[in-house]
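Using the sequences and the hints given, assemble the complete structure.
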Amino acid sequence: MIKVVSTQDAAQDKVYLSGPRLLNAAHRETTAGATVLKMKLLALALAVALLFTVGECLQCHRCVSRRPGESCDLTQETCKPGKDGCAAAKFTRAPFGQYQKCMALKDCELLKLNAYIEMKCCSDDLCNTFKNLSYKKKLITKSLEKIQQRDEQEQVLLYDLQSLNTTNEK
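Residue 116 in the numbering used here is what sits at position 113 of the sequence shown, and the numbering runs on without skipping anything.
The hints are simulated quantities; they were obtained by calculation from the structure and are not laboratory data.
Take the hints with a grain of salt, since some may be wrong.
[Claimed, not checked] Below are the DSS-like pairs computed for lysine-lysine, each with C-alpha atoms no more than 27 Å apart in a straight line:
1) K83 to K93
2) K109 to K86
3) K83 to K104
4) K104 to K115
5) K115 to K134
6) K115 to K93
7) K86 to K134
8) K134 to K149
Structure (structure tokens):
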């Protein structure tokens with residue numbers, strides 16, 4: 004059996020259903036107040052959690068030119084969600100551009116596979132500098148220097164052989 008119970012409130016009349024399985028008016032108001040309090044506490048906890056999350060965002064150097072090969076202005080940026088690393092890239096083919104920015108580490112690692120891009124991927128604040136990035140360039144330069152030295156030695160040997168042949172013919 005369900006009864007309609009009317010209560011007088013200072014602001015307005017409230018009507019509640021009462022019965023063996025339904026909550027009475029006083030219990031319902033207490034539960035509603037507790038629910039509102041829980042929602043406020045949850046909102047506060049979420050706000051505090053967001054503050055700590057924003058405070059721990061990764062900072063990277065940002066330098067992206069408007070057109071390939073042009074210079075850029077070095078600034079700092081806060082990485083957005085999903086960008087969990089910093090990247091520094093130099094292109095070793097024309098137009099020989101470069102950039103520094105936030106990037107997903109998995110994407111950065113994929114770009115390392117490109118033979119024409121020198122990539123540095125890291126996950127510390129402001130770690131994407133071009134220091135120690137030119138390992139490939141140094142390796143290529145050393146290889147070219149060795150080839151050039153070998154060519155010079157071969158030319159000296161050829162000159163010596165030609166001189167020797169000329170001397171023997173006389």
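Okay, the hints, checked on the actual structure:
1. K83 to K93: holds (23 Å)
2. K109 to K86: Within the cut-off at roughly 10 Å; holds.
3. K83 to K104: Answer holds: K83 to K104 is near 11 Å, not above 27 Å.
4. K104 to K115: holds (15 Å)
5. K115 to K134: With Cα atoms ~16 Å apart, K115 and K134 stay inside 27 Å; holds.
6. K115 to K93: Within the cut-off at roughly 11 Å; holds.
7. K86 to K134: holds (22 Å)
8. K134 to K149: holds (24 Å)
Comparing the model with each earlier hint shows no violations; every hint is respected.
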